[in-house]
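**Student:** What follows is the residue order along each chain.
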Amino acid sequence: MTAVVTAHGVTKRFGDVTALDDVSFALAEHTIYGLLGRNGAGKTTLMQILTGQAFASSGNVSVFDAPPVENPAVLSKVCFVRESQRYPHFYTVRHVFHTARRLFANWDDTFAHGLAADFQLPAGRLVRRLSRGMLSALGVTVGLAARAPLTFFDEPYLGLDPAARQLFYDRLLADYAEHPRTVVLSTHLIDEVSDLIERVLLLDRGRLLLDDDADDLRGRAVTATGRAEAVDGFATGRTELHRERMSGLVRSTILDGLGPHARTLAQALNVELEPLSLQQLVVRLTAPPTTTAPADREVAR
Amino acid sequence: MDDDRPIFLQIAELIENSIIDGSLVEEAQVPSTNELAAFHRINPATAAKGVNQLVSEGTLYKRRGIGMFVAGGARARLRERRRERFTEQYVEPLLAEARKLGIGHDELMKMIDSFDAVVGRDLR
Chain A
4 MTAVVTAHGV TKRFGDVTAL DDVSFALAEH TIYGLLGRNG AGKTTLMQIL
54 TGQAFASSGN VSVFDAPPVE NPAVLSKVCF VRESQRYPHF YTVRHVFHTA
104 RRLFANWDDT FAHGLAADFQ LPAGRLVRRL SRGMLSALGV TVGLAARAPL
154 TFFDEPYLGL DPAARQLFYD RLLADYAEHP RTVVLSTHLI DEVSDLIERV
204 LLLDRGRLLL DDDADDLRGR AVTATGRAEA VDGFATGRTE LHRERMSGLV
254 RSTILDGLGP HARTLAQALN VELEPLSLQQ LVVRLTAPPT TTAPADREVA
304 R
Chain B
13 MDDDRPIFLQ IAELIENSII DGSLVEEAQV PSTNELAAFH RINPATAAKG
63 VNQLVSEGTL YKRRGIGMFV AGGARARLRE RRRERFTEQY VEPLLAEARK
113 LGIGHDELMK MIDSFDAVVG RDLR
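Protein chains in written order, with this note's numbering: chain A, 4 to 304; chain B, 13 to 136.
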């Protein structure tokens with residue numbers, strides 16, 4: 004694998020808050036990553052450090068074999084699309100494209116205007132007069148047309164309706180196929196992107212919980228539903244993430260639930276196995292321990 | 013793609029199905045990785061993994077610079093392999109459910125025969 008990014012022991016502290024805690028990973032070229040995790044998990048902080056907009060408190064980061072901070076040679080290959088992007092107050096959509104053309108070596112003006120038309124972005128409109136959805140569409144357009152070898156999208160979908168999001172995913176896949184590059188998608192809409200992304204990075208309270216192939220994570224966890232004794236029998240020796248009850252029925256979420264004989268065992272015990280989607284897996288791995296959630300309570304009889 | 017198996021396996025199986033049902037004949041060109049990715053809305057690397065599995069199994073072969081093609085004899089080999097898995101995939105679960113419901117052997121055979129007579133006739 005040719006790494007475009009390597010991070011070793013990256014830690015970021017804000018006062019007594021640890022936003023990133025000893026995070027190490029590499030990003031390969033020509034790969035789409037999903038950067039997942041709850042709000043406050045450290046996703047944006049990590050992207051800021053990788054794009055030279057923030058310093059790590061400790062650890063080191065290399066982007067295209069060099070530190071990114073104030074390094075124009077590196078930053079010309081990096082595009083960071085974020086909701087909070089600010090533009091000069093007199094900027095129109097067209098101005099943004101002009102600026103992007105100077106910033107990004109691979110910028111494709113025709114592609115940008117095609118995307119703007121698809122998203123119904125008026126080229127002459129002042130950026131500060133754009134609706135939230137149009138602002139997101141502008142960000143997505145710049146991110147795609149820049150064709151930067153390393154592109155970050157930080158929750159690019161805010162304000163985009165489902166049809167516009169589908170358009171974004173389709174254009175991303177099509178253009179990525181023609182012009183492979185490294186894309187990092189930070190998103191909460193995991194079900195929508197789970198087939199698009201090749202690898203998953205999951206942050207939880209500043210720590211890197213998963214760095215895996217998205218396809219390998221499919222079916223890594225299962226829910227096992229059946230009579231309590233049967234589920235106990237099935238769950239023995241396996242890692243249980245979560246448990247719900249309803250009268251005598253138990254539904255247990257089990258990590259790495261499917262060994263070679265798991266299905267036979269489940270069938271013999273009359274336990275129903277269902278795979279967990281990537282989104283459900285992330286929910287279970289990052290949800291705080293609940294004390295009295297309604298579904299977890301024993302039903303009074 | 014919506015079942016729990018890895019997507020690359022599902023892609024491989026979709027292509028196999030097209031070969032088995034004759035919509036992709038031997039020596040026909042298979043859709044490119046990018047076409048498969050766009051159509052199924054999946055990552056091109058995942059689509060490539062599915063196609064490559066079929067290449068390594070000898071179902072498809074690569075013509076450099078042109079694309080992927082269905083290998084000679086692929087259909088017969090796939091049918092043979094599917095037949096070998098038929099018992100485990102279809103007969104076993106059928107019998108397990110029948111046993112759970114107390115459906116005996118004769119009753120089950122009768123069900124198959126009458127279903128085949130009514131619905132199967134339309135499928136032939």
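Treat the hints with care, as some may be off.
Unchecked claim - With a straight-line cut-off of 20 Å between C-alpha atoms, the simulated SDA-like cross-links for lysine to any residue are:
| hint | chain 1 | residue 1 | chain 2 | residue 2 |
| --- | --- | --- | --- | --- |
| 1 | B | K61 | A | T267 |
| 2 | B | K112 | A | L176 |
| 3 | B | K122 | A | P183 |
| 4 | B | K61 | A | D216 |
| 5 | B | K112 | A | T34 |
| 6 | B | K61 | A | Q51 |
| 7 | B | K112 | A | D219 |
| 8 | B | K61 | A | E181 |
| 9 | B | K61 | A | L176 |
| 10 | B | K112 | A | P183 |
| 11 | B | K122 | A | T34 |
The set of hints was computed from the structure by calculation and includes no laboratory data.
None of the values given here were measured: they were computed from a predicted structure.
**Student:** Decide, hint by hint, whether the structure agrees.
**Tutor:** Checked hints:
Between K61(B) and T267(A) the alpha-carbon distance is near 29 Å, which puts this suggested pair outside the 20 Å criterion. Distance hint between K112(B) and L176(A) is unfulfilled; the C-alpha atoms sit about 46 Å from each other, more than 20 Å. Proximity of K122(B) to P183(A) is assessed by CA-CA distance (about 57 Å); at most 20 Å being required, the pair is judged violated. With a C-alpha separation of about 12 Å, the suggested pair K61(B) and D216(A) falls inside the 20 Å cut-off, and the hint holds.
Of the supplied pair hints, the one linking K112(B) and T34(A) is violated, its CA atoms being roughly 47 Å apart against a limit of 20 Å. Using a Cα cut-off of 20 Å, the hinted pair K61(B) and Q51(A) is violated, with the two alpha carbons roughly 33 Å apart. For the hint linking K112(B) to D219(A), the alpha-carbon distance of about 33 Å lies beyond 20 Å, and the restraint is violated. Distance check on the hinted pair: K61(B) and E181(A) sit about 18 Å apart at the alpha-carbon level, within 20 Å; holds.
For the suggested pair K61(B) and L176(A), the alpha carbons sit about 16 Å apart, so the restraint of at most 20 Å is met. Distance restraint check for K112(B) and P183(A): the Cα-Cα separation of roughly 52 Å exceeds the 20 Å cut-off, and the hinted pair is therefore not satisfied. Taken as a hint, the K122(B) and T34(A) pair is broken in the structure, with Cα atoms around 54 Å apart against an allowance of 20 Å.
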